[in-house]
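> Now for the letters of each chain:
There are 2 protein chains.
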Amino acid sequence: MGKLTVVGIGPGDYENMTVRADRALRECQVIVGYQVYVELVRERYPDKEFLTTPMTREADRCLMALEEARKGKDVAMVCSGDSGIYGMAGLVYQLRGESGEPDVSVIPGLTAACSGAALLGAPLTHDFAVVSLSDRLTPWEKIEKRLTAAAEADLSVVLYNPASHGRPDYLRRACEILLRTLPEDRPCGVARSIGREGESRMVLTLDGLKDFEADMFCTVFVGNSQTRIIAGELVTPRGYRNV
Amino acid sequence: MGKLTVVGIGPGDYENMTVRADRALRECQVIVGYQVYVELVRERYPDKEFLTTPMTREADRCLMALEEARKGKDVAMVCSGDSGIYGMAGLVYQLRGESGEPDVSVIPGLTAACSGAALLGAPLTHDFAVVSLSDRLTPWEKIEKRLTAAAEADLSVVLYNPASHGRPDYLRRACEILLRTLPEDRPCGVARSIGREGESRMVLTLDGLKDFEADMFCTVFVGNSQTRIIAGELVTPRGYRNV
Chain A
1 MGKLTVVGIG
11 PGDYENMTVR
21 ADRALRECQV
31 IVGYQVYVEL
41 VRERYPDKEF
51 LTTPMTREAD
61 RCLMALEEAR
71 KGKDVAMVCS
81 GDSGIYGMAG
91 LVYQLRGESG
101 EPDVSVIPGL
111 TAACSGAALL
121 GAPLTHDFAV
131 VSLSDRLTPW
141 EKIEKRLTAA
151 AEADLSVVLY
161 NPASHGRPDY
171 LRRACEILLR
181 TLPEDRPCGV
191 ARSIGREGES
201 RMVLTLDGLK
211 DFEADMFCTV
221 FVGNSQTRII
231 AGELVTPRGY
241 RNV
Chain B
244 MGKLTVVGIG
254 PGDYENMTVR
264 ADRALRECQV
274 IVGYQVYVEL
284 VRERYPDKEF
294 LTTPMTREAD
304 RCLMALEEAR
314 KGKDVAMVCS
324 GDSGIYGMAG
334 LVYQLRGESG
344 EPDVSVIPGL
354 TAACSGAALL
364 GAPLTHDFAV
374 VSLSDRLTPW
384 EKIEKRLTAA
394 AEADLSVVLY
404 NPASHGRPDY
414 LRRACEILLR
424 TLPEDRPCGV
434 ARSIGREGES
444 RMVLTLDGLK
454 DFEADMFCTV
464 FVGNSQTRII
474 AGELVTPRGY
484 RNV
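Protein chains in written order, with the numbering used here: chain A, 1 to 243; chain B, 244 to 486.
Please note: incorrect hints may appear among the correct ones.
As the list claims (entries may be wrong) - Derived Cβ-Cβ restraints for the label pairs, each shown as a range:
no., chain 1, residue 1, chain 2, residue 2, range
1, B, G340, A, L137, 51 to 61 Å
2, A, Q35, B, T391, 36 to 46 Å
3, A, E98, B, G340, 36 to 46 Å
4, B, E341, A, P46, 41 to 51 Å
5, B, K246, A, T181, 36 to 46 Å
6, B, L422, A, W140, 21 to 31 Å
7, B, E270, A, H165, 38 to 48 Å
8, A, P46, B, L380, 44 to 54 Å
9, B, R379, A, P46, 22 to 32 Å
If you are wondering where the hints come from, they were derived from the structure by calculation, not from laboratory data.
Glycine residues also receive a C-beta, built at the ideal position from the N, C-alpha and C atoms.
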């Protein structure tokens, strides 16, 4: 029996991959993933067998990867960002079940909370919450409750999946919820297409963020009560005493 | 004038560094950091100048790094885990101030939320909060409020700095706060010395975690209401519907 390695490739460029992720992709026989992510790595590992599924077919993709490993192949499943944080590792373990076969290992990668924060300055130097605005698998009421709790506890907040074609106004709705607790001038930031062509960043207020037209390539950062803008960088101090 | 690059080296081993972090350390002239972290990289980059300060002397370390860059050196400041998440990037920007000089860039690295989760299974497939239990720079009341908010909003929780010599009982105190909201059998995990010699992991319940003797090498994971143990792995499903 082969083995399945779930690989977080980071934001998408080779530079932001770990040495270990690169090694796993070099050593495997088959690379499985969502079409867009497979395209990010295809050129660098040209001698592999590639298997892809479209977006929203995550379970099919995991079952395909497990099946290839059971047939004797060494399989790497690529995930954008981290392999675990909103990644496929959990679903792979769920679908593998209690048998413990085939052998599965998880290689972490840079999630957008790390890579986007570095692009914007240092907004996550202190405690924070990570919340996805996608309600495809989570009731919106739960998302709303989490945003409110984070704001009331003075956590910085990272918003994943702030918008898509089907829900263009979710970032506005999230900002309106946060603005019940947080001031309009709270420093915020948007990192877009991190590590890919057209990478960009914007530092703005929460009020400005409400009207920002995010898309699926954006990761959004909302500062805590101490966050400020220093020489254009979004910076959250380490603590609540002086440097 | 030289430049300062703040480099997240990940958990500590070369394998978990990014290609970009490795390149920055190869290309710099001076490596600055906390003694323990500098030791993690000294062997691989032997021809560098090394400057270290002890723990708790973070501001001195940042000022030293900025000064070396102002003197014309290309400086890399190493941080364990990510350069931003509880790292030095924020303090560097604070101490550099509004001048914008010297040039500073931030290279992200794998934070323990990513690397520890991968070791334990996939506990962070859904929304989560990251909270440090160190009250050196944060009032305990604020930490307590954040733990309660995270538990009430059904966020998975990652606890950084769960204990140290000076505060051996903080993890117990944190568990007692969480147990006001969460059940005793909530699945949890501890990742210790991730990517270093003696790396280990433990999956246990929240009640068991309360009596666990954590140290400064541990990162602690508390699942959400959906988290379960599958074939020994700590797994949080992606959503609240069926696979």
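> Hint by hint, note whether the structure agrees.
Checked hints:
no.: 1; hint: B:G340 - A:L137: 51 to 61 Å; in the structure: violated, 44 Å
no.: 2; hint: A:Q35 - B:T391: 36 to 46 Å; in the structure: holds, 42 Å
no.: 3; hint: A:E98 - B:G340: 36 to 46 Å; in the structure: violated, 56 Å
no.: 4; hint: B:E341 - A:P46: 41 to 51 Å; in the structure: holds, 48 Å
no.: 5; hint: B:K246 - A:T181: 36 to 46 Å; in the structure: holds, 39 Å
no.: 6; hint: B:L422 - A:W140: 21 to 31 Å; in the structure: holds, 29 Å
no.: 7; hint: B:E270 - A:H165: 38 to 48 Å; in the structure: holds, 42 Å
no.: 8; hint: A:P46 - B:L380: 44 to 54 Å; in the structure: holds, 49 Å
no.: 9; hint: B:R379 - A:P46: 22 to 32 Å; in the structure: violated, 50 Å
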